[in-house]
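> Sequence lines, in order, name chains A and B.
Under the working numbering, residues 1 to 450 are what the first sequence spells out, in order.
Under the working numbering, residues 1 to 978 are what the second sequence spells out, in order.
Derived from the structure by calculation, the hints contain no laboratory data.
Errors might be hidden in some of the hints.
[Said to hold, decoys possible] Straight-line Cα separation of at most 30 angstroms, DSS-like style, residue types lysine-lysine; simulated pairs:
| # | chain 1 | residue 1 | chain 2 | residue 2 |
| --- | --- | --- | --- | --- |
| 1 | B | 559 | A | 186 |
| 2 | B | 500 | A | 186 |
| 3 | A | 206 | B | 500 |
| 4 | B | 775 | B | 962 |
| 5 | B | 559 | A | 206 |
| 6 | A | 212 | B | 559 |
| 7 | B | 584 | A | 227 |
| 8 | B | 584 | A | 212 |
| 9 | B | 559 | A | 244 |
| 10 | B | 500 | A | 212 |
| 11 | B | 500 | A | 227 |
| 12 | B | 775 | A | 244 |
| 13 | A | 227 | B | 670 |
| 14 | B | 714 | B | 849 |
| 15 | B | 714 | A | 206 |
| 16 | A | 227 | B | 524 |
| 17 | A | 244 | B | 500 |
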Amino acid sequence: MSIIKSGLSRRDVIKGLGAVGLLSSLRAEQLLAQTGATPVRVLCVVLQHGWGIASDSNRFLSGDGSDYRFPDGLDPFNSIKDRCVAIENLRTLGEWGNNHDLSYADVLTAGVLQGTQSSSFDGHMPLSVTPSLDFLLQERSGQNSFRFSAGYRSWGVQYHPVSFDRNATVLPFYTKASDAYGSLFKNIPDAGTGTASNSEAALLQKVFSMIKNPAPGYIESLPASEKAKIERYLLAVDDLQGKKSAVVGYAGSERLKAIPVAGQSHTENLASYLDMVKVGFANQMTTSAVVGIGDINDIADFHHTHAHANSDIWWNTRRAFAQTIVSFVNELDQIIDTDGRTLLDNTLILLSGEVGSGSHNIVRKGHILIGGGAHRLNSGRRLVAPVVTDRAERDALVRESANGTMVRQVVWSGSAGARTNADLLREIGNIAGLKLKEFGLPSQNSGDVL
Amino acid sequence: MSTSTLTKLSLAAMSAGLLLLTACSGVDDKSRSSATVTASSSIKTASSSTKASVSSLPLSSSASVSSLAAVGSPSSAPALQKTALAIIEEQCTSCHFGLHKGWGNYKTDADWLAAQTTLGVSYIDHLNPKNSLLLTRMKYYGAMNSTMPLDNAAAPEAFTRAHYDVIEAWIKSLALPDAEPVGDGSVALSNAVYSELGVSASLVCGNPDETLSISLNNPSKIARSGIGAYGGVMARASGVTTTASANLAAVADDGVVTLRGEGLDIWDKSVFFNALSSPVVNGEVDLTLDVLGVEGVAHDFAKVGLLVSSTDDLSGQLVFVHWAGKHGLAEDSGTGVLDQYRQIAANPNGTTVLTPTPARLRIAYENNTLKIGACLGCESPPMGLPKTFNFVPKRIYIVASSHAESAIQARLSLRDAYAQAGQYERLASQKVTCVDGEATVHFSPEATTGLSVLQLGVVRADETVASTRVVKAFSDGASCELQDELLAPTLRRLSESQIKNSMVAVFGDIFARDIWPSMDDGAKLIGMNAMADKLNINNLNFERLYDTVAAVSTTLLAKHTTVMNCAMASSDACVADFVRDYGKRLWRRPLTTAEVAQFTSTYTSLSGNPRKLDFAVQSLLLSAHFLFRSEIGVLVEGAQALSNYEMVSVLSYSVVNSTPDDTLLTLAAKTTPLTRAELSAQIDRLFMDPRANQAMMEVYKDYLKLDLVMSRPKEASLNFTDAVRRDVLASAEKMLESKITHNPNYMSVFGGSEYFLNNNTASLFGQTASHSDFKAVAIDSDERVGILNHPAFLSVHSTLSSSGIVKRGVFVLEQLLCQELPDPPGDVMPVPIPGGIDPERTSERELLKITHSAQAACVGCHQIIDPAGFGFENFDVIGRYRTREKNNVTIDASGVLDNVGEYVLRYDTSAQFANQLMASPQMQSCVSRRFLESFLGQEVELSACELKKYQGLLQSNGGSVKDLLTSLIQLESFGKRQ
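Next comes chain B alone, as it looks inside the complex (with noise of 0.2 angstroms):
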C-alpha cells in the first residue's frame, strides 16, 4: 500500500470523525480495557488541564494506521498483516453508499465525506462504530459465517474471516470507550444506569463506614468560570497587543460572555480582531463554543469564532472557525495569514440577511489529528479534517472581528472537554454512607433534567475521588410518549376498497358493479398499500371520483327508501335529517350545528327534495370529511389526543376495512375518553362480522400482493388467461380465509397444504378437476406447503416466462424479512453467456450466475438475493411444481440463507424453504410490522417503540390473527400522536 494511498484513506477516515485508530491497536477488548484503567489511572497525576472523559485520553502507545495491522484476532491469518483500510480499499468496490465505485474515484477525503452527506449514509457509525453500516453490511454478505466473494474481482486474494475480524476491531476500536469508573481507586463506582426511572448506581468504598458526597452533574456544562484562563489580546495592522480579558469581554450572572469584537478586516494578510486567548499545552485542546447571537454588525463578513496556531502567536499555521455573519459558517485557513475559505454551511435564510444563531463551533486535537466542525442550532457539529492543515494546537483565540470601524458584541457560551469535572454544573447531590464497604445511589428523574448524559462523581472533602459518566437508556417498560416515539397523527384518504365498503355499509348493496371508482393509487410491491401518504387526491382520480359519486346519488334517488320516502315528501326537514343522520355514519362523526346549517341554507334555493338530496349526497361525498379519514386528535399535555371518534374509525377500518357502524358511533358518543375494555369488547363484536375475516383476508393478500395475479404479464403460451387468473387468486382467497376463520396463530395462515381447486385452477397443482366451484384437496406437503407455494403467490413473484430467482428472493427479503437492500448500480450490464455453456441445458440458478451474479458490483447484493430465490425453484412461473426445466436440467431449490439474522434457514426444497420461512423469526416479525403499518397506515421503523411494544403485546396475547387487533388497541398510539 503507498504511503500516499494511505494517507488518502487515513484522511478519509478521519474526516468520518473516526480517526481513533490508537485506542486499540495491538490489544483485544479485554486487554484494551484494561490498558484503559491503566491509562485512566493517569489521571491522578496528569495536569489540571488534563480531559476528565477516558474516552480521549492519549495513549502512551505509538500505535499508527499502519500498526492496526497487527490486531489480535484469534483468527487473524499469520499472513494477513494489512490495514483495515487496506483491506477495504482491496475489496470493497461497492462499500460507497451506492455509487458502486472504488477509492480511486475520491481525489480527497472531502469527496469521500461529501458523498456520506450528500447520499444521507455513512458506512461507518462514529458515534457507536459497533453499529456500523460497514459491519452490518459484511454480516449482511456472509463474512460473519463464510469467505466473502469476491467484491472486486481484482482484488489479490478472496476477502475471509480473518480480514472480517480485522474491519471489525478496528471499528469497533472506534468506539468512544463504554464509561467506567475513574479516580484514586479508593471508591468505586459500578452499575451506573440511567433511564426514565432515574440514575442509580452502587458504590464500593475503601473505608467500609465512610460517608460521601455523590453529584449529579451535567458534563456538557462546563461551570461559568470559563474564561479565567484567558488572557485579551487585539490584533491590528500595527501588531498585536495583550490586554486582561476583563477589558473585552464580561461575564454574566448566567455565566455567558459578552465579547466585543474589532477589527477593520479579517481575510488574507488582514488578520485583525479581538480576542480571548489561552496557550494550548501538549495540543490539549478540545474547545465548543457557542455563539448565541451577536449585535451591532455593519459588515457582511464580521466574524466570531475559534481559531487555533501551530505557533503561539500567528504567524503560524491558522485554521479558523467561524460565524461569518450574513455567510453562514465557513473556515478560514493559511501560514500567517487567512487566504484560504471552505463554506461549512450556507445561511439557511440566504445572504441578505445575518446567519442565525445559536451556533455552535468546536475544534479539538485528538489522536494525532486536528478536527473542526460547526453547525446551527444542533447539538454535536459533525468533525472533520480542516481544509488543508494537520497540526498541534499551541494556541487558541476565541475570535470577534467586527470588519468595520464599529464594534459588535457576540454573546459567547463556552464548553472546554479538558475542564476537570467538578467544573461540570451540579445538578443534585446527596450524602451516602457505606455500609458495610458499599452502598447504593439513587437520584430521582427530577433530577436528570432530562438530559441525554450525565456526570456522577464521587467527592471527598471537596475532591473528586471517582466518577462516571451514563448515558440514558429507556427502560423497556417505558411509554413510548415519554421516549417521544408516538407515531404520527395522519389524514388517511379511503382506498378504494374503504370508499366502497363504506358507501354500502352506510345505504346497503344497491350500487350497480361498474361505479367504484379507479383512483390510480398503484400497488406497492414493498410495504402495504394503505400507507396514508402514498393515497392522495388528484384532479384525476377526484373526476372518477365524482362519477361515481354521481352514480350513488342517482341510485340512490331510484333505490334507497328513505331517500326515496324524503324525495318525495313535501318538506324538506327530510333532508336535514338526512343530512345528520347519514352524514354521521359518512363523515364518522357527528356534523356540528354550524355544518348542518351551512348545508340547510346552501339548498334552500335548490327546487324539490329530488335536487336537494343529490346535493346533499354528493356534498356529503366529495367532501373531504368523508375522504380522509382523521387520526389527528387535539393537543393535550403535549400530545395529540384522538377523539373517541376518530378511535372507533380506526378500530373498524382495522377489524372490518369499513365505515364505524351505529354501536361504534353511539359508543364513541362518550364524554370520556373509551377504555381498553370497551374497544376490547368491539373487537370481539366486530371480529365475528364476517367482513372481519374478508378485512383480514385482505391485509394478508396485501403483504403477499396477491391481487397482482391479475395483472402480472405472462407469455401467452402459457395460457394463463384471465379467467384462469381470477380463478387462480379466487382460490388464495379461499385457503387465506379457511385459516383466518379459525383464528390460529398469526403465522399460521401461511401455512397449510389445503388448497382449493377447480377446473381452471387444478392443472396448476398437478390435479384435475370438472367442477367450476372450489373444493379443497390436500396435496403432497413435500411438493408444496402454504400460501407461499400457491400458483397466485408463484405467479405474482415471477417474470414473464421464467422463474424470476431475483424477483422472488428480493420479495422474500424486502416483504417477508423487511430487509432492506440496496437500489440496484445504475452501470451494470449483463455478461453474455460464455462460450460452452448452452443456455437450454443449464438451469436458470447457473446462468443466473454466470451472467448476472458473478459480476463485481452485484455479488454482494446477490450473495444474499439468490438463496432467497432458490427456495422457490421448485415451482415454474404460474407456480406448477417441476423437478425438472427445460431439456430435462434437474431443479436445485436448495439453499443456505443465512444473513438476516441468527436464524439459519436451509433448506433442500421449496416445501421446505416455505416451511423455514414461516417459522422464522424474521418474518414473524416483519408481519407483525407490515400488520402494524396497515392498521395505522405510517411506515414503523424497526427499531420503533411503538412496533416493540406491538410485538410484544402481540406474543404475551397469544399471537392469534384477533390479536394482531387486540394488541393493536393496546398501544399508545392507537389513542394519541406526536
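Just chain A, with the same shape it has in the complex (with noise of 0.2 angstroms):
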C-alpha cells in the first residue's frame, strides 16, 4: 500500500512531497516540525473521581519537600517518587451545583465559564471555552494527540468532554484500544515517510476534493448551528486527508508489546493505550496524549458506596492504576530518545481527575506530576501550595461567567487555592515549549506553581 522512498531523510522526503502537491504545504510544514529538537512529550491521564489528593479527602501525603511519602493506596508511587512532583491545593473549578459533571471539561482547560452547567454535547456538562493543554501541544507540533477512553464515560456519552479545540469543540477520545489502533498504528511502515500508492492517493484526493465542496452556496444558507456541523465535518474531512496524504513510519525502534483486539475490557484497553503512548512519544508519532480512566472495574455502587467515600476498596482500585503508571513510567525510563536521554526524562505525566477526590473537592485539589520535561522539572518534592481562607480573600477569587460579568469562585469552601489549575497546565505547557503568558481563562492565572 505505500511506497517508502528508503536511502533519503525523513526532512528531504517531506519536502519532496510537499513540493509535488501530494502533501499538503500545511501538513508538509507539521511533518517538518517534527523533525527538530527532541520535543518534551506530555501525556495527562485524567481518573474520574480522582486520585484522592484532595484537603477533604481521608489519606493524605505526609512528610516535606523532598523527604515526602505517598499515602497508602498511592504508594506504588513512592518507588519512583524522586520523579515525581506531588502538587496539592491547586484550585479548579469554582462551586456550584455537581462538580463532579461540570469539571470534566475544565480538567485540561481552565476554560469553563462559571455558571454554566449543560451542553448541547450532553446535557449534563458545560464545555470549555478555551482550548486544552493537548490540543496547543499539538498545534505546536503539528502531531494529532493521542486520546484514549478507558470506560471515562458517563451519562450516555461515550467520553467525557475533555479535550478542546480553539472553537470549543470536543476532540473525540478513541474508546476502544482495537479503533486506535487500527487508526493509528496499523500498516506503519517500520521507518521514513510515504505516501498511499500513487493512484490511491489521486483517487482519494478527488474524493476528498469532491466531498470538501458540498454545493455552492450550501454551508452559507444554513442557519448557524447546523453549519457547524459541517464545519466540524469539513474538519474531519480535513484531517482524514492529512493523514491519508502521507503515511509517516516508525521513527525509532519500539513497537507494541502486542497488537490490541476487538472486545478487550476497560483494563486491557487502558495497558493498550499506555503501550499506545509509549510508542507514540519514542517514535515521535505524537508529543501529546490524554488517557481517560473511567469506572472500568465493576464495583457494585461504585460512585455512592466507594468513590464519594474514599472506601478501601476505591483505594486499592487506586493502587492498582497507580502500579500500571508506574510501570508504564520505568517503561518510559528504559528507552533512550534522540538527544539521548531517556524518554521519561523527556517526558511530562500529568495524573489529574475532574476532582481531588470521591468528595468532588475542586478548590484545593492535588496532582501529580511525573518525568523530567527535558531536565526543566525540578522533581522528587511535595509542593504544597498556598491556600486562602479569610472569606474576604475567598470572596476575591472570581472567575468569568457566562454573562461576561466576574462571579466569585467559592461559595461554600472555607478554604480554597491561592494557585489553580491553569497555573500549572501553563508552566507544564512552557516547559513543553509552549510560550503561554496566560492559559485557559485570564482570571485564572494567579502565579507560579513549580
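Using the hints, build the complex out of the two chains.
Structure follows, in C-alpha cells:
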C-alpha cells in the first residue's frame, strides 16, 4: 500500500512530497516541525473521581519537601517519588451544582465559564471556551494528540468532554484500543515517510476534493447551529485527508507489545493505550496524549458507596492504577530518546482528575507530575501551594461567567487554593515549549506553582 | 426569627422583584379580590398621578412581612404563627438552585440573586408567581397531600400542610392581580379576551340604551406629552439652576425627546449634569426610560439615566441608574454624592466602543421598596434593590451628563406608569350602543398590532369610565406558526442504523456483517438517541465511516450487477448514470446538473470505469449530502418551508428508518407541495413494509433503552453471559414486534403477559425450556406484566448486583414520566449502616432509606425517586421474579407515587405498578413526547405548541401505533420550520 523512499532523509522526503503537491503545504510544514529538536512529550491521565489528593480526602501525603511519602493506595508512586512532584491545593472550577459533572471540561482547559451547567454535547456537562493543553501541544507539533478513553464516560456519552480546540469543539477519544490501533498504528511502515500508492492517493484526493465542496452556497444557506455541524464535518474530512496524504513510519525501534483486539476489557484497553502512548512518544508519532480512566472495575454501587467515601476498595483500585502508571514510567525510563536522555527525562506525565477526591473537591485539588520535562522540572518533592482562608480573600477569587461578569468562585468551602489548575497547566505547557503568558480563562492565572 | 434575618430574607425576596407582600396579607383569595376592588374605587378620587393599574395600587393595609403570619388558610394551625420566609428558612435547606446550602450561605440579597442568575433558575417567578418553581417543588415533594419529610434535619418541627399553605398563599399573593375593570361603576367591562382572533369583551351599561366610545389602547406606550410636567435642571460646580425644560430638551413629532447633556463630571462629589426633573408625590414613581441613542460622546463615562433623591434636591440619598458610555449599564449611589458603583450589565462589545442602545432603565417605588432595573435591548428589565439604599423618592431626574466640555445629545423615550389611562396610545376605537343594558365589544386582530398586552377603555364624554387590561393568550386552535412555535430547522446526521439501512436499501443486502461503522454516539439514558444535536461527525468516526465506505465500494465492484456491468463497459456514460440514479436515492433528492457535472469532470482523469465507480461511490457516500438529512427548507413567508424531498425523507426515516424509495422520490418530484392525503397514503403503504414494524420497535426499544442490556456490567456469579443477553434482548424485541404488528393503541405495546422464551431466557421467567428458538409463553399476570417487567428492561435498569431502586426510580421519572429531576448534590456522603442493623437481614429498600434517602440533602429528591423504584422490587438485578431477598427478607414492592401529576399511582406489587404506569396519563403523554422527539430529532418542551397539537391529534386519530405517524404529518412543523 505504501511506498517508502528509503535512502532519503525524512526531511528530504517530506520536502519532496510537498513540492510535488502530494502533501499539502500545511501538512508538510507540520511534518517538518517534527524533525526539530527532541520535543518534550506530555501525557495527561485523568482519573474519574480523582487520585485522592485533596483537602477533604481521607488519606494524605506525609513529610515535606523532598522527604515525603505517598499515602497507602498511592504507595506504588513511592518507588518513583524522585521522579514525581506531588502538588496540593490547586483551585480549579468554582463551586456550583454537581462539580463532578461540571468540571470534566475544565481539567485540561481551565476554560469552563462559571455557572454554565449543560451543553448540547450531553446536557450534563458544560463545555470549555478555551483550548485544552493537549490541543495547544498538537497545534505546535503538527502531530495529532493521542486521546484514549478507558471507560471515561457517563450519562450515555462515550467519553467525557476533556479536550477542546479553539472553537470549543470537543475533540474525540478513541474508546476502544482496537479502533485506536487500526487508526494510528495499523500498516505503519518501519521507517521513513511515504504516501499511499500513487493511483490510490490520486483517487482519494479527488474524493476529498469532491466532498469538501458540498455545493456552492450550501453552507452559507444553513442556520448557524447547523452550519457548525458541516464545519465539524469538513474538519474531519481535512483530518482524514491529511492522514491519507502521507504515511509516516516509525522513527525509532519501539514497537507495541501486543496488538489490541476487539472486545478487550477496559482494563486491557488501558494497558494497550499506555503501550501506544509509549510507542507514539518513542517514535515521535505524537508529542502529547490524554488517557481518561473511568469506572472500569466492576464494583457494585461504585459511585456512592466507594468513590464518594474514598472507600478502601476504591483506594485499592487507585493502587492498581498507580501501579500501572509506575510500570509505564519505568518503561519510559528504559528508552533512550534521540538526544541521549531517557524518554522519561523528556516526558511530563500529569495525573489529574475532574475532582481531587471522591468527595468532589475542586478548590484544593491535588495533582501528580512525573518525569523530567527535558530536565526543566525539579522533581522529587511535595509541593503545597498556598491557600486562602479568610472570607474576604475567598470572595475575591472570581471567574468569568457566561454573561461576561466576574463571579465569586468559592461558595461554601472554608479555604481554597491561591494557585490554580491553570497555573500548573501553563507551566507544563511552557516546559513543553509553548510560550504561554496565560492559560485558560484570564482570571485563572494567579502565579507560579512549580 | 431575628430582625436581621428577617431583613435579609425580605431583601432577598425583594431582590427577585417579588415583594408585593402587602397585596394579600390577612385575606384569602376571595377577600383579596374584594379588597382590591375597594381599593380600585379609590382611583376616581386619587390625584392625577394615581397609577391606573390596579396591580400596584397602594393598599391602606399596613401589613408587613411579619404580619403575613396571619395568612388565613383554612388549614393553618393556630400555632403556626410564622411567616412564609421564616418557614422557608427553617425548612428548606435544598431550595437553593442546586447549591444545596442554607440561607446562611448568602451574605447579602445580592448573593442570593446572583445565585439565581448564575444558575438560570428562579424559585419564585415574580411575573407569574403561581407557576413558581418553589410551589412546584413543594407539590412535587409531597406537601400537597401529606407531611413533607424534613429537608432540614435541624428544623424544630416537621413541614406540614399548614406550612405549605402559608407559603402558597404568600407566593400567590405576589401575583399581579388579574386584570379587573376599573372605573366609576356606571359601566362594567367583563369577559375580556385577547387572542389571535382579536379582542372581545362584554359591556354592562348603567344606562340601558347608552352609546359609549370604546378605545383599544397600548398600555406600554404613553402618549407623547411626557415631559410637560418636568422642569429643566442644570447641576454644576457653581450650584444647581433651574430652567424651562424646552431649554434642554426638544420633543419630536414621534414623541422622542432629545435631551442635551452637559457637565464636566458625574462621580463622587462632582454630580454635574443637565436633567429634566419632577417632584415625586407620596413616592409614586414608576418611570421607564428608553435610551434610544446618544450622540456626541467625548468621554468614556458620559452618562444618561434616571436619578432619584430622597430629598427634593441633591443633598439626600441618591440612586442613579444609567447607561454609562463605554461601560455598560450601572448604578451609582451615595448620600449627596455618587461614590458607590455597581455594574448592572457589561458592555457586550467590550469597553472600547459605546454601550449599545436601546437601553431600558426603570425606577419604581412600590410596597415601601425602591427598585431599579436596567437592560440592553430588552422588554422588561429585572427589578431589584439598589446597592445600598431604600428610600421614598422625593424627586426624579432624567439625566444626561457629557462628562466633557462638549455636549451630548440623548434621544429618549419615556413611559410613566402613573400616567392616566387616557394618555395611553390609542390603537383603535369604536362606538357601541348598549341594548337592554348590554353590549359586546370586538376589535379585529389587525387593530391589536400584535402587542402582548392591551387596554380597553370605555369613554363617556372624554372621561374614561371603565377600563381593563387584557393579556394576549392564543386560542386552543391557534396555529403554532402564528405563535412562533414552529420547531427548528435541522441537519440530522444519519444514525448508525440509518447509514446501514440506507445503503442496504439502495444497493441490496450484499454486504458483510462487520463493515458497518461505530459512530461512538453513545446511548443516552434519558431522552432519545435520535436527537440531531447528539449526532455529529468527528475525525474518529469519520475515519471509521471511510473504512465502511471503502468496503462498500469494494463489495459493489464485486457483487452489484449494475456496478459490475458498468465497470466492464467501454464507455464511462454509465458512471454518470450511476451518479444520477443512485445519487438520487442516497442524497434523497436529484443531483443538480452542476453536481453531476462536478462528478464527471472530476473522475474523467481516472483511468478505467472501476476507478471512476470507486470514486463515485466513495464521494456519494462520504458526502455531507448523504450523511446529513436536511430538514432546512427555504424561506417562504417567514418560515422555512421544507421541500417535498425533505418531507418524504422525514416520512421515510420515521416509518421505515431508511432512505426514501423510488415511489416517494417520484411523488416528491411534484412541483406543488405534497398534501396530507398524499403523505397519509404513503404512510399506509409503508406501514405495511416489514421494515416499519422493525423501525417502530426500534423506537420503543430506544425509549426503554433495551439495547443497553448488552453492555450493562453484571456480577459474574449471575452468569448473565453475552449469549443470554443477546437472547434476552431478542425476546424483548419479539415481544414488542408481536404487539406492534397488530397496530394496537400505542400504549398497549408496553403491556401483555405473553413473553418469548428459549433455553437461555426461560429461567429468568421461572420457566424451563430446552429449545433455542423462541416460543410464546403466557406468564402469570399477577407476577409479571408487559415489557416493563421484562428481564431486558429490568437488567438494564439495575446495578451490578442489586435491583437498583434509585436507578429504576430515576428512569421511571425522567424517561417514562418525563419528570425533570435536579442534578444530585455534589457533597453527599453515604451514611454508614448504624450498629444493630444487619444488612443481610435488612431489605435493600430499608437500607436505602437508612444510608441515603434520609439525609437532609437527599430526602427532597428521594422522597419522589424511591417510590418510583420500589415498584420493581419484585424483580432482582436481572429481572427474576422474587418475593424474598437475601436471607429470607420479605420484599415490599408497594408504594404510592403521588407527586407527578393528578393521577396517583398506588400499587402493592410490581405487576400492579407496571399496569398503573401504563394507564397513567403521565406516561401516555411522555411516550408521545419522546416519539415526537425521535421522529423530528429535537427536544420538544412539555409546553410546546406542536407537542400539544400532536397529543391532541393522536387522541383524535385513535391513538394506534400508526397514528403516531399519521399525527406526525398533520403537524405544521412537518412541512415548515422556524
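> Are the hints correct? Go through all of them and say.
Consistency of the hints with the structure:
The suggested pairing of residue 559 of chain B with residue 186 of chain A holds, with an alpha-carbon distance near 27 angstroms, which does not exceed 30 angstroms. This hinted pair checks out: residue 500 of chain B and residue 186 of chain A have alpha carbons roughly 25 angstroms apart, not beyond 30 angstroms. Between residue 206 of chain A and residue 500 of chain B the CA atoms are separated by roughly 24 angstroms; this keeps the pair inside 30 angstroms, and the hint holds. Taking the CA atoms of residue 775 of chain B and residue 962 of chain B, the gap is near 26 angstroms; set against the 30 angstroms cutoff, the hint holds.
At most 30 angstroms may separate the alpha-carbon atoms for a hinted pair to count; residue 559 of chain B and residue 206 of chain A meet this at roughly 24 angstroms. Under the criterion of a C-alpha separation no larger than 30 angstroms, the hint pairing residue 212 of chain A with residue 559 of chain B is consistent with the structure, at around 29 angstroms. The hinted pair formed by residue 584 of chain B and residue 227 of chain A meets the criterion: a straight-line CA distance of about 23 angstroms does not exceed 30 angstroms. Proximity of residue 584 of chain B to residue 212 of chain A is assessed by CA-CA distance (about 19 angstroms); at most 30 angstroms being required, the pair is judged to hold.
Annotation: proposed proximity of residue 559 of chain B to residue 244 of chain A holds, straight-line Cα distance about 27 angstroms (limit 30 angstroms). Using a Cα cut-off of 30 angstroms, the hinted pair residue 500 of chain B and residue 212 of chain A holds, with the two alpha carbons roughly 23 angstroms apart. Proximity of residue 500 of chain B to residue 227 of chain A is assessed by CA-CA distance (about 25 angstroms); at most 30 angstroms being required, the pair is judged to hold. A C-alpha spacing of about 51 angstroms is found between residue 775 of chain B and residue 244 of chain A, which places the hinted pair above 30 angstroms, so the restraint is violated.
About 28 angstroms separates the Cα atoms of residue 227 of chain A and residue 670 of chain B, which keeps this hinted pair within 30 angstroms; it holds. Of the supplied pair hints, the one linking residue 714 of chain B and residue 849 of chain B holds, its CA atoms being roughly 24 angstroms apart against a limit of 30 angstroms. The straight-line distance between the Cα atoms of residue 714 of chain B and residue 206 of chain A is roughly 49 angstroms, outside the 30 angstroms bound, and the hint therefore fails. Note on residue 227 of chain A and residue 524 of chain B: the hinted pairing holds, with a Cα-Cα distance of about 24 angstroms set against a maximum of 30 angstroms.
Between residue 244 of chain A and residue 500 of chain B, the direct Cα distance comes to roughly 24 angstroms. Compliance with the 30 angstroms bound is thereby established for this hinted pair.
Violation of the numbered hints given earlier is confined to hints 12 and 15; the remaining hints are satisfied by the structure.
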